[in-house]
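*Asks:* Taken in sequence, the protein lines are chains F and Z.
Residue 385 in the numbering used here sits at position 385 of the first sequence; the count goes up by one each step and never skips.
Residue 179 in the numbering used here sits at position 179 of the second sequence; the count goes up by one each step and never skips.
Hints are all accurate, no fakes.
In silico EDC-like pairs for lysine to aspartate or glutamate, Cα to Cα no more than 20 Å straight-line:
(1) F:174 <-> F:328
(2) F:191 <-> F:145
(3) Z:331 <-> F:86
(4) F:115 <-> F:68
(5) F:54 <-> Z:236
(6) F:98 <-> F:287
(7) Z:361 <-> F:97
(8) F:98 <-> Z:356
(9) F:130 <-> Z:324
(10) Z:360 <-> F:272
(11) Z:364 <-> F:97
(12) F:76 <-> Z:236
(13) Z:360 <-> F:97
Source of the hints: derived by calculation from the structure; they are not laboratory data.
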Amino acid sequence: MKYIPVIGLEVHVELKTESKMFCGCSADYFGKEPNTHTCPVCLGLPGALPVANKTAIEWCIKIGLALDCKISLLSKFDRKNYFYPDLPKGYQISQYDKPFCEKGSISIRSGNNTKTIGITRVHQEEDTGKLIHDIVNEKNVSLIDFNRSGVPLVEIVTDPDFESAGEVINYLKKLQQIVRYLDVSNADMEKGDMRLEPNISLKLSGDQELPRYKVEVKNINSFRFVEKAINYELKRQEELLEIGETPKQETRGWNEKKQITQSQRSKEEANDYRYFPEPDLPPFRFEQSYINELKNGLPELPEQKLYRFQSEFKLTLYDAEILTREIELADYFEKTVKTGKAKNLNPKQIANEIINKKVNIDEISPEVLAGQIQAKFQFTKVDKKELEEAIKKVLRENEKAVKDYRSGKIQVIGFLIGLVRKETAQPIDTLIIKNLLQKELSKQ
Amino acid sequence: MKLNELTIKQAIDGLRKKEFSALDLTESCLDQIARLNPLLNAFLTICNKEAINAAKQADEKLRIGDKSPLLGIPIALKDIYLTKNIRTTASSKVLDNYIPQYDATVVKKLKDAGAIILGKLNCDAWAHGSSGENSDYGPVKNPYNVEYTPGGSSSGSAASVAADMSIASGGTDTGGSIRLPAAFCNVVGLKPTYGRVSRNGIIAMSSSLDSIGHFTKTVEDSALYLNVTAGKDSFDATTPNLPVPDYSKNLNKSIKGTRIGIPKEFFTEGLDKKIKEKTMEAISFFEKQGAEIIDISLPHTDYAIAAYYIIQPAEVSSNLARYDSIRYGNKRSYFGKEAKRRIMLGTFTLSAGYYDAYYKKAMKVRTLIKKDYEEAFKKVDAIITPVSPTLPWKLGEKINDPLKMYLSDIFTVTANLAGIPGLSVPIGIIGPSTSSEQAALPVGMQILGPQFSEELLFNLGHQYEIGNPNKEKPQL
Numbered sequence: 001m002k003y004i005p006v007i008g009l010e011v012h013v014e015l016k017t018e019s020k021m022f023c024g025c026s027a028d029y030f031g032k033e034p035n036t037h038t039c040p041v042c043l044g045l046p047g048a049l050p051v052a053n054k055t056a057i058e059w060c061i062k063i064g065l066a067l068d069c070k071i072s073l074l075s076k077f078d079r080k081n082y083f084y085p086d087l088p089k090g091y092q093i094s095q096y097d098k099p100f101c102e103k104g105s106i107s108i109r110s111g112n113n114t115k116t117i118g119i120t121r122v123h124q125e126e127d128t129g130k131l132i133h134d135i136v137n138e139k140n141v142s143l144i145d146f147n148r149s150g151v152p153l154v155e156i157v158t159d160p161d162f163e164s165a166g167e168v169i170n171y172l173k174k175l176q177q178i179v180r181y182l183d184v185s186n187a188d189m190e191k192g193d194m195r196l197e198p199n200i201s202l203k204l205s206g207d208q209e210l211p212r213y214k215v216e217v218k219n220i221n222s223f224r225f226v227e228k229a230i231n232y233e234l235k236r237q238e239e240l241l242e243i244g245e246t247p248k249q250e251t252r253g254w255n256e257k258k259q260i261t262q263s264q265r266s267k268e269e270a271n272d273y274r275y276f277p278e279p280d281l282p283p284f285r286f287e288q289s290y291i292n293e294l295k296n297g298l299p300e301l302p303e304q305k306l307y308r309f310q311s312e313f314k315l316t317l318y319d320a321e322i323l324t325r326e327i328e329l330a331d332y333f334e335k336t337v338k339t340g341k342a343k344n345l346n347p348k349q350i351a352n353e354i355i356n357k358k359v360n361i362d363e364i365s366p367e368v369l370a371g372q373i374q375a376k377f378q379f380t381k382v383d384k385k386e387l388e389e390a391i392k393k394v395l396r397e398n399e400k401a402v403k404d405y406r407s408g409k410i411q412v413i414g415f416l417i418g419l420v421r422k423e424t425a426q427p428i429d430t431l432i433i434k435n436l437l438q439k440e441l442s443k444q
Numbered sequence: 001m002k003l004n005e006l007t008i009k010q011a012i013d014g015l016r017k018k019e020f021s022a023l024d025l026t027e028s029c030l031d032q033i034a035r036l037n038p039l040l041n042a043f044l045t046i047c048n049k050e051a052i053n054a055a056k057q058a059d060e061k062l063r064i065g066d067k068s069p070l071l072g073i074p075i076a077l078k079d080i081y082l083t084k085n086i087r088t089t090a091s092s093k094v095l096d097n098y099i100p101q102y103d104a105t106v107v108k109k110l111k112d113a114g115a116i117i118l119g120k121l122n123c124d125a126w127a128h129g130s131s132g133e134n135s136d137y138g139p140v141k142n143p144y145n146v147e148y149t150p151g152g153s154s155s156g157s158a159a160s161v162a163a164d165m166s167i168a169s170g171g172t173d174t175g176g177s178i179r180l181p182a183a184f185c186n187v188v189g190l191k192p193t194y195g196r197v198s199r200n201g202i203i204a205m206s207s208s209l210d211s212i213g214h215f216t217k218t219v220e221d222s223a224l225y226l227n228v229t230a231g232k233d234s235f236d237a238t239t240p241n242l243p244v245p246d247y248s249k250n251l252n253k254s255i256k257g258t259r260i261g262i263p264k265e266f267f268t269e270g271l272d273k274k275i276k277e278k279t280m281e282a283i284s285f286f287e288k289q290g291a292e293i294i295d296i297s298l299p300h301t302d303y304a305i306a307a308y309y310i311i312q313p314a315e316v317s318s319n320l321a322r323y324d325s326i327r328y329g330n331k332r333s334y335f336g337k338e339a340k341r342r343i344m345l346g347t348f349t350l351s352a353g354y355y356d357a358y359y360k361k362a363m364k365v366r367t368l369i370k371k372d373y374e375e376a377f378k379k380v381d382a383i384i385t386p387v388s389p390t391l392p393w394k395l396g397e398k399i400n401d402p403l404k405m406y407l408s409d410i411f412t413v414t415a416n417l418a419g420i421p422g423l424s425v426p427i428g429i430i431g432p433s434t435s436s437e438q439a440a441l442p443v444g445m446q447i448l449g450p451q452f453s454e455e456l457l458f459n460l461g462h463q464y465e466i467g468n469p470n471k472e473k474p475q476l
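Okay, chain F solo, but in the shape it has when bound (with noise of 0.2 Å):
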């Protein structure tokens, strides 16, 4: 390969406390009627002041450790000043040079290996309003609703380290994961709860130095889309550079319709955002016994959790990961595995039925399922005399059968075993069935 894809990652995530970032209101917007979850201070009125959400904090806290990251003890927020519509006070609140977490890493895996992805940052800010453009009374109009205005956000920014557009899907599914088994955001990609934004560019193969310019594509709505736009971005730009042509530093945007990135922004009418320290919230001291008992309180995470399956239950790599891929489902492993000590159940039977029986968890209770695998497994104790019985009898009934299994044709067996079956009417192991049919016909 001539060119190595650098791509670096932004991603946002939605938290999904009740109330919002710097006011009371219910941040759970999604559906709701226009301009209903909405006060003084998210609609940005004059006079009007931010007071900090602690649960929300807490929870951006906890992505960062859960990334491995440092957290910062003292930490502020920042006004971030640009000017949208969508923007009532005229600058966003966020955070600029004190962020509550850096420097962390998340190990992904991509077919056998595995990879370090640095992360740079982890920071809290708040959502804007949304921009709705319609047709009112013949015209066309835009409008605002601020019901998502100041609805807490979490930024987690990766170092470059991203080389293809596949290893980037695999980073997005285990944050995803991480913040679902943290129960701090839905990450519904489709519902916006979760929204990134890839710096992409190329360097030549064997160049130790990060490429001059970077491309940022926004749009990306939808898992489906990450691929094409990545995919798309990185064959315009070689095709730039294979003629001789350094790609411009801009921000495009993915057009889903036209399956192209176009240019949004140049570098020349970038924003300067005039960062300044927020004076209406006083910056933040944290103990550290407080980070200690923040990390201490963190759920037991999905790469533990995997291994431990894998230890613990003797189970294969393959089942582990589907098993911890949702906590849901995990939990829902685990207290079968439970219920099904008393029953003589081994954690691999079960997880052979759930995975592949496709269970419905939320319709079938884990107490339920353990009677199913144990009424599939345990057979009654059948007199033996009584199943030879029914063996010479079944046997003596089905001549053709019988020899057609002595001249080869060994897959009657299967045949035989149901009506011996049918004949005893009782749950019999098939494979004692099996066995004494097998001796029974090798005595000729």
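Given the coordinates of chain F, work out where chain Z should sit on it, guided by the hints.
*Replies:* Frame of chain F, contents of chain Z only:
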């Protein structure tokens, strides 16, 4: 004595003894407003009907013995206090038609305490100014001489109390906007400790400097007013959860042995000689009462104005961004010259490449000034300085020279940068003098103390007042 000339203390006594009603008191203020506002231009909005109704309700409550601390007291508010359903303009045409949806926390507290809102007071637009002349609704006149400025930015608030149009009034102080007009209008003005009074619902000028204070006729009234407005507010994260003492309790404590610092940086060449004399007279009064007078130094005072005029416009440029022509009715072109100047200044100093040289450096100076005061308050309990280096100037005199105008804040801005309280107390009238065409104009002193030392400031101010009675009223 007319009812509108009463102090809060006197009015409360009279109301509770049923010597007159809240309605009598309110009507007397409204009459004075009707008579004098055409001359002084202190009020932008007069709430005749609402005030009369509120007075009648107050009388009902008085009848059943309600003891709410300001029950029946007519006051007026600077027009950057949001008042629900009452137009609030910040004296800027940008908000010419703005009707707020909610009351500022302070407004709510004052109403809950029984105060009657007479109306909204003129000021420099967005509180930018030292003379009141930046108002888009015309300047306020000084009640002691209408050719002179009443001081700003809370120009209407000072004039209203000085001219007995209201018993007290609310203002804001970001760099001296209460203390300077108080001194120029011969009334008492308090800039509380930063965070002592909630900023929620006050149109923000410079968020890290804005203090919400008030104007009264006496120091005792100032204490009674702060009793109502001070305290933690869950809507303002910069209000600490500290207990609110009864500020009127220790007014009569002996000041014997109190250590009062005189900072040499405030008594230099730029200070008007007669103001210096008056201030030294006031200081010698305290000395006679047994206070210990100590010379001190606040070495970074010289850099205060420069730091202030970087930090304050930076915050202004951000705080005014929301008036973006999309909301609030009027376009950005309605901003006046001074607001535009500060938006440009602030935008420049916060820009990439300039931030470190300006804003960051100014914040370092701010820390040094704070440390100056911390050091000083290890040696003294309070500090006394003049409020202004000059007497009130004539309207129009400085309006075309912003730098000269900015320098009138030189003795007041340090308190805002350090977040400490300052009480402006009248110390007499200078003039008239025929030789220098000097009109008779008031002078004030400023008593500064450590953060949350308002009790001590009131104690010193009150002792001065009872030792120096017979304050001269304006001839109107």
